[in-house]
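Novice: Sequence:
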Amino acid sequence: MFQGFRELLAAKGRTLLIVLTVGMITLMVTFLSSLAGGLSYQSVSALKYRLDSVAGADSALVLTEAGAAPSWSSSQLTDEQLAAVERQGGRPLRIARDRVDADPVIYLSDPTVAPGTAVANAPLVASHPTVNPGGHPLSTRQADRDIFLDHMPVIRISEQDATTLARANVAAVLDHPGAPIPGTTQLPGSQRWEASSSYQGEQMSLNLMITLLYVISGLVLGAFFMVWTMQRLRGVSISSALGASRRVLAADSLGQAVAVLALGILGGVAVTVAAASVMGGALPIELSAQSTVKPMLILLACGLAGAALSLRPVLTTSPRAALANA
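Residue numbers for the sequence shown, in the numbering used here: 379 to 704.
Calculated directly from the structure, the hints in this document are not laboratory data. Just so it is clear, CB atoms sit at the ideal spot from N, CA and C, and this is done for glycine as well. Do not rely on the hints blindly, as some may be mistaken.
[Said to hold, decoys possible] FRET-style restraints, in silico, Cβ to Cβ:
1. R477 with P555: 34 to 42 angstroms
2. A480 with D522: 22 to 30 angstroms
3. V432 with Q578: 19 to 27 angstroms
4. L675 with M402: 15 to 23 angstroms
5. A435 with V671: 18 to 26 angstroms
6. A480 with L398: 44 to 52 angstroms
All chains should be built: construct the whole structure from the sequences, respecting the hints.
Specialist: Structure, rendered in C-alpha cells:
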C-alpha cells in the first residue's frame with residue numbers, strides 16, 4: 379500500500395478534490411437523514427411513547443376504517459367499537475387539538491397519568507402551572523422528554539379527564555393485534571406511525587431523496603475511482619512488471635480507496651454534527667446511529683464497490699505488456 383499512499387501525497391489537488399466530493403455527498407446524506415429523523419420525532423414521538431413505551435412494541439392502533447389512508451385525525455370509534463376493543467383488553471385513545479392561550483397543542487389520553495394532572499413539555503409547564511381542557515383546570519408537571527404529534531406539543535392527561543374533551547378524535551390501543559372489529563382497521567408495527575398524515579408525506583419524500591443520493595453517490599464514487607485507476611495504471615503496470623502480485627496490487631488500490639473514503643466520510647459527518655449543534659434550535663435535527671453510522675457504512679460500501687469494479691484493468695494487466703507500455 380506504500381505506492382497508493384505515495385500517490386495520494388504526490389497528487390494533493392486530485393486527492394483534495396475526491397475527498398471533498400466524498401465529504402459533500404456524506405454531508406448531504408447524513409444531514410437529510412438527521413432531518414428525516416427530527417421530522418419523524420416532531421410528527422409521531424407522542425404516538426411512539428403511548429404505543430411503544432406504555433402499551434408495548436407489539437401493540438396495535440385501532441382506527442375508524444377510512445379506505446387506504448386511515449388517520450387519527452379522522453377516527454371516531456363508536457361506543458360499540460370501544461366496547462369490542464375493551465373486551466380484547468384494549469383501551470381508548472382520545473386525541474384533541476386545542477390551544478393554550480395562543481399556542482396550538484394536542485391533548486392525548488394516557489393511562490399512566492393521574493386524574494387532575496397534565497404532563498406537558500417543558501416550555502409550556504414553565505409558563506402555565508395549570509391548563510383547562512374541557513373547562514376543568516389541571517395542574518401541569520414537566521414530562522421527562524418533550525413529545526409532539528403532527529408538529530404540535532402534546533399534553534398528556536388521564537383517560538378520565540380526556541372524556542371531557544370537546545371534539546376529540548377517538549381511537550384505541552390493543553396490546554397485541556386482535557380479532558377484527560367491524561368498521562375499524564388495526565395498524566401494527568411501523569404502520570402505526572402512518573396514522574399521522576404529516577409523517578407519511580415527509581418521510582416518503584425525504585426517504586426518496588436519500589435513496590436517490592445513495593444511488594448517485596455510488597455512481598459518482600465508482601466513476602471517480604475508475605478514472606483514478608486509469609490515471610495511475612502506468613505506475614501499477616511497472617509494479618506488476620517488476621513482480622508485484624495481483625493480490626498486492628488489489629490491496630494497494632483498495633487501501634488507497636479506503637483512505638480517501640475514510641477522510642471524506644468522517645469529514646462530512648463532522649460537518650453534519652457541527653451544523654446540527656448550531657442549527658438544532660431552528661431545524662428539527664436528530665442525530666443518531668440511524669442518521670450517521672448507517673449512511674457512513676452505506677457510503678463506504680458504495681465507494682469500495684466502485685473501487686473494486688475499477689480494479690479490472692489492474693488485475694488483467696500483463697506484466698510483459700505493462701513493461702512494454704511503461
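Novice: For the range 22 to 30 angstroms, tell me whether the beta carbons of A480 and D522 fit it or not.
Specialist: holds, 26 angstroms
Novice: How does the Cβ-Cβ distance of R477 and P555 compare with 34 to 42 angstroms: does it lie in that range?
Specialist: This hint holds: roughly 35 angstroms between Cβ atoms.
Novice: Verify the CB-CB distance for L675 and M402 against the hinted window 15 to 23 angstroms.
Specialist: holds, 18 angstroms
Novice: Is it true that A480 and L398 lie within 44 to 52 angstroms of each other by Cβ?
Specialist: 46 angstroms Cβ-Cβ, so the 44 to 52 angstroms window holds.
Novice: Given the hint of 19 to 27 angstroms, check if V432 and Q578 actually sit that far apart at their C-beta atoms.
Specialist: Because 23 angstroms falls inside the window, the suggested range holds.
Novice: Given the hint of 18 to 26 angstroms, is the C-beta distance from A435 to V671 inside that range or not?
Specialist: holds, 22 angstroms
In summary, this structure violates none of the numbered hints.
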